[in-house]
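Q: Take a look at the letters that make up each chain.
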Amino acid sequence: MRHQQEVLGANCGHCTHFRNDPAYLEEAFGGLNALSSARGSVRGSDGICVVHGRYLQTGASCPKFEQRHSPHLLPL
Amino acid sequence: MSNVDSSLSRESIREQSLRWRELWLKEDWWAIWLGLGIVIVAYLFFANGSSIKWLTVTPAKWSTIAQLGTHFSVNYSRYIAQFVVWLAAFSIALTALGYKAREFIPAFAFLYVVSVIIFAVGQWDQANRYNLEPPLVALAVGLLLSNVVGLPRWLDAGFRVEFYIKTGIVLLGATLPFTLIVWAGPVAILQASIISILTFLVIYWVGLKLGLDRRLSATLGAGGAVCGVSAAIAIAGAVGAKKDDAPIAITVVIAWAIAMIFVLPFVAEALHLHAGVGGAWIGTSEFADAAGFAAAQTYGNLASHGTVAGSSDQAVFAYTLMKVVGRDVWIGIWAFALALIATTQWERTEVNARPDASQIWWRFPKFVIGFLLASLIITLVTASYSLGTFNKEVVPNLVGPVKDMRTWAFIFCFLSIGLTTRFRELAGAGIKPFLAFSAGALVNVLVGYFLSAVVFAAHWENLAR
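Here the protein sequences line up with chains A and B, keeping their order.
Position one of the first sequence corresponds to residue 136 (our numbering), numbered consecutively onward.
Position one of the second sequence corresponds to residue 80 (our numbering), numbered consecutively onward.
Simulated from the structure, these hints should not be mistaken for lab results.
Don't take every hint at face value.
Listed below are the simulated BS3-like cross-link pairs for lysine-lysine, each with C-alpha atoms no more than 25 Å apart in a straight line [stated by the list, open to error]: (1) B:Lys321 <-> A:Lys199; (2) B:Lys288 <-> B:Lys511; (3) A:Lys199 <-> B:Lys322.
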């Protein structure tokens, strides 16, 4: 079941605890927009997990995954 | 398949498809559209016997206030037209990137007016005597306004450092012959790779010796070794760092990068480095693209004043090759390699992560593609001109105006660095991360000097000669 979830996208990118909106990240990381940006390609679509307090790629996963209910696409 | 599984499958497909949304949701691509758009329009005007130079007005050299006043009274309509063009282009891009036009428009108007003033100050015939180099003045004025006077936070919508520098770099490509990139690129890659790997290892090793976490050490190491803040956040995400690690790296990178903008050009001048050598040295010593361009442009300006041997272009070209071609383009590989090491060699965290080779492409700084394309386009369309005709026709009517637009984009960037650097908002870094990073920065500067001014000195001096 766990493997199936990983394959089907039960990862941070679809988790309700994951925040990767560029405006949110530029607010969370003070000084980010002074010499860089959350809207550049190098960031990919990484974001903050508010449960574990880690900065992660969308493909990461953990047992505390909760499916995001809103069907909207992730902001990059 | 259950309903839940079907739903997850649909989500997976949608997530994959949003990758193409990069084309209008990432500033790298907008820098390409905007930069190449200017280059193509400039060429179309040129090919039809005209030029965009009326639009690309810049303040002229002056020695009295009366002269300056005359310049603006004669050319004010050109400045208004230029402002409108920049505003329209940036508004389209930044609205697509999620900013509100009602915040961006007044912010950019403010930025443009202050940029014109700074540019004009730099054209004063006594400016060099007082070291009033536009990049340094822009940075100093910006820092003063943001940290002493204080500006509303919403104005940041118009102070987009990265977007302006990326647009400027694409425009820079149009002024750099493609053959020069092919000729000088391999040495830049070799030199930059030596520096990057060495710097990363020093910061990482010192960080571990000081008791820092592996992920924080790697985040700091990438910040010093590759491309500053951008590299730090890319690696923080790739290795799954704590969310407080990235702000620590951001703080130390900004502190070092801004200090080096003011120090490196004048140390290089004191060491009598040729403009090309100084540009290469700055390219190996500065971590952040925007900060490095400020330092390289300042050094180039010293060369144009005759204080330093070589030309302004040599300093900027050497810096660009070293930083953009030599270091920036490898960030995806760094991210993938460190993600692989983190998941297979380091202590596990509560999160499962798998290294993904596609990150090499998705994290690739796409504006570099625009930089190379702009260079290739101008090189190809001007290949049939003799040197005499090139200097008489192409430079004043095509390359020169594009270069002027690049200069504007850089000034917007340098001013924005100061306007967005609010020291009170930076995270406390702590002494250990600062020491680890400083060890790498020191190695960066010393080995960079040795490679630029000793090992490859002849190469950089002959660049674009």
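Q: It remains to establish, for every hint, whether it holds in the given structure.
A: Outcome of the hint check:
1. B:Lys321 <-> A:Lys199: Since the Cα atoms of lysine 321 of chain B and lysine 199 of chain A sit roughly 17 Å apart, the hinted pair holds (cutoff 25 Å).
2. B:Lys288 <-> B:Lys511: 10 Å, holds
3. A:Lys199 <-> B:Lys322: 18 Å, holds
The structure agrees with every numbered hint stated previously.
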